[in-house]
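Student: Line by line, the protein sequences are chains L and B. In terms of our numbering, the first sequence has 357 at position 32, counting the first letter as 1, and numbering is strictly consecutive. In terms of our numbering, the second sequence has 327 at position 37, counting the first letter as 1, and numbering is strictly consecutive.
Just so you know, the hints here were simulated from the structure itself, not pulled from any lab data. Among these hints, one or two may not hold up.
Stated by the list, open to error - Here are the in silico distance ranges between beta carbons for each label pair:
id: 1; chain 1: B; residue 1: N306; chain 2: L; residue 2: L363; range: 23 to 31 Å
id: 2; chain 1: B; residue 1: S338; chain 2: L; residue 2: I457; range: 43 to 51 Å
id: 3; chain 1: B; residue 1: Q336; chain 2: L; residue 2: F434; range: 18 to 26 Å
id: 4; chain 1: L; residue 1: L373; chain 2: B; residue 2: V321; range: 13 to 21 Å
id: 5; chain 1: B; residue 1: G324; chain 2: L; residue 2: I457; range: 28 to 36 Å
id: 6; chain 1: B; residue 1: L356; chain 2: L; residue 2: E347; range: 25 to 33 Å
id: 7; chain 1: B; residue 1: K330; chain 2: L; residue 2: F408; range: 30 to 38 Å
id: 8; chain 1: B; residue 1: R334; chain 2: L; residue 2: L456; range: 19 to 27 Å
id: 9; chain 1: L; residue 1: D340; chain 2: B; residue 2: V345; range: 37 to 45 Å
id: 10; chain 1: L; residue 1: A437; chain 2: B; residue 2: R341; range: 18 to 26 Å
Computed from a predicted model, the values in this text were never measured in an experiment. Cβ coordinates follow ideal geometry from the N, Cα and C atoms, glycine included.
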Amino acid sequence: MTSTPPPPHLDPEDDPRTRRVELIISSVLRIGVWTSLLLIAAGTVLFLLHDSRINGKNLATYTAGMQPIGRTLQWFLHDLASFQGTSLILIGLFLLIATPVLRVTISIFAFARQRDWLFVTLTAAVLVLLLISFFLKNGT
Amino acid sequence: MIGVTAAASAAVYFTNGQIVPFIAAPVACGVLVGATLGSKLMGRTQVSIIRILFVLVLASAAVQMLWKGFQ
């Protein structure tokens, strides 16, 4: 099966507005990814520096998930304020996960400006599903 | 890097606290730096070299898995 390229006058790449939206999306993705990398790397360094008792032996208890991570806001703020690193890693991971959600949100506005209502509906449905997944709780 | 589809499942794991940050952190750093370097290098590397490297990486991963399985 061969796919024929679209005729030049229908190529969305030629539309300067489409091009602009693509550039905005690409910079959002780039900024999101690099900021999260920065946070995760800083968090890891802080985590390793914070506790000199961490050595090759007990590091395994952390990577195996045996060390419980606090789930309360109080724990989070304390960890953040005392520069223990774990909360920074979590913020970075959250940003990494939130970046594509942001990208979908921008796409909705982009399609709305192009008055492509079918794609506005479809993209909005994707966004709703993504947001639902943030509130899903497993049964256990 | 996380795509739109992966974000849906990652969000479930994240909000349920099933992501171990001390595993996810090095993985995320490696993936982000590796993907950036890889996409920049790929354009000017010969296909045969990439193929050989790919085989070596997969083979070492396979040996590692086998080793862990037999222990």
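Student: Each of the hints needs a verdict: does it hold here or not?
Tutor: Hints and how they fare:
With their beta carbons about 26 Å apart, B/N306 and L/L363 fall inside the hinted range of 23 to 31 Å. With their beta carbons about 46 Å apart, B/S338 and L/I457 fall inside the hinted range of 43 to 51 Å. Between B/Q336 and L/F434, the C-beta spacing of about 43 Å breaks the proposed range 18 to 26 Å. The hinted range of 13 to 21 Å is satisfied by L/L373 and B/V321, whose Cβ atoms lie roughly 20 Å apart.
About 31 Å separates the C-beta atoms of B/G324 and L/I457, a value consistent with the hinted range of 28 to 36 Å. Checked against the given bound of 25 to 33 Å, the beta carbons of B/L356 and L/E347, roughly 44 Å apart, lie outside it. Between B/K330 and L/F408 the Cβ separation comes to about 33 Å, which falls inside the hinted range of 30 to 38 Å. For the pair B/R334 and L/L456, the supplied restraint of 19 to 27 Å is violated, since their beta-carbon distance comes to about 41 Å.
Take L/D340 and B/V345: their Cβ atoms lie about 43 Å apart, and the range 37 to 45 Å holds. In this structure the supplied range 18 to 26 Å is violated for L/A437 paired with B/R341, their Cβ-Cβ distance being about 45 Å.
Hint violations for this structure: numbers 3, 6, 8, 10, all remaining hints satisfied.
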